[in-house]
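In this note's numbering, each residue's number is its place in the sequence shown (first place is 1) plus 7.
One should not assume that every hint holds.
Ranges between beta-carbon positions, derived for each pair [said to hold, decoys possible]:
| no. | residue 1 | residue 2 | range |
| --- | --- | --- | --- |
| 1 | Gly47 | Gly25 | 28 to 38 Å |
| 2 | Met65 | Gly40 | 14 to 24 Å |
| 3 | Ala57 | Glu26 | 31 to 41 Å |
| 4 | Asp48 | Glu24 | 28 to 38 Å |
| 5 | Gly47 | Glu69 | 30 to 40 Å |
| 6 | Gly25 | Ala57 | 30 to 40 Å |
| 7 | Gly61 | Glu24 | 28 to 38 Å |
FYI, nobody ran anything at the bench for these hints, they're computed from the structure.
Because the structure is a prediction, the values reported are computed rather than measured.
Every residue gets a Cβ at the ideal spot worked out from N, C-alpha and C, and that includes glycine.
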Amino acid sequence: MMALVVGLSSVFFAGCEGEAQLGSALGALAGAGIGQLAGGDTEATLIGAAVGAGAGYMLGNES
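From just these sequences and the hints, can you work out the full model?
Shown next as structure tokens:
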């Protein structure tokens, strides 16, 4: 299962054109993981992904 996630995420990140898109993708991935660990349900995972994507976009868009 982990190999599938890593494989799909590498394809997903290769399609990112700019730093803002890459930051958003990485933030969403990290946020979803943190949300799942903290809340343990789908709602927490989705909230974490949304917050992570927004934060990652803002950080990636600074340059």
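We went through each hint and held it up to the structure:
no.: 1; hint: Gly47 with Gly25: 28 to 38 Å; result: 34 Å, holds
no.: 2; hint: Met65 with Gly40: 14 to 24 Å; result: 19 Å, holds
no.: 3; hint: Ala57 with Glu26: 31 to 41 Å; result: 20 Å, violated
no.: 4; hint: Asp48 with Glu24: 28 to 38 Å; result: 33 Å, holds
no.: 5; hint: Gly47 with Glu69: 30 to 40 Å; result: 33 Å, holds
no.: 6; hint: Gly25 with Ala57: 30 to 40 Å; result: 20 Å, violated
no.: 7; hint: Gly61 with Glu24: 28 to 38 Å; result: 19 Å, violated
Going through the hint list in order, the structure does not satisfy hints 3, 6 and 7.
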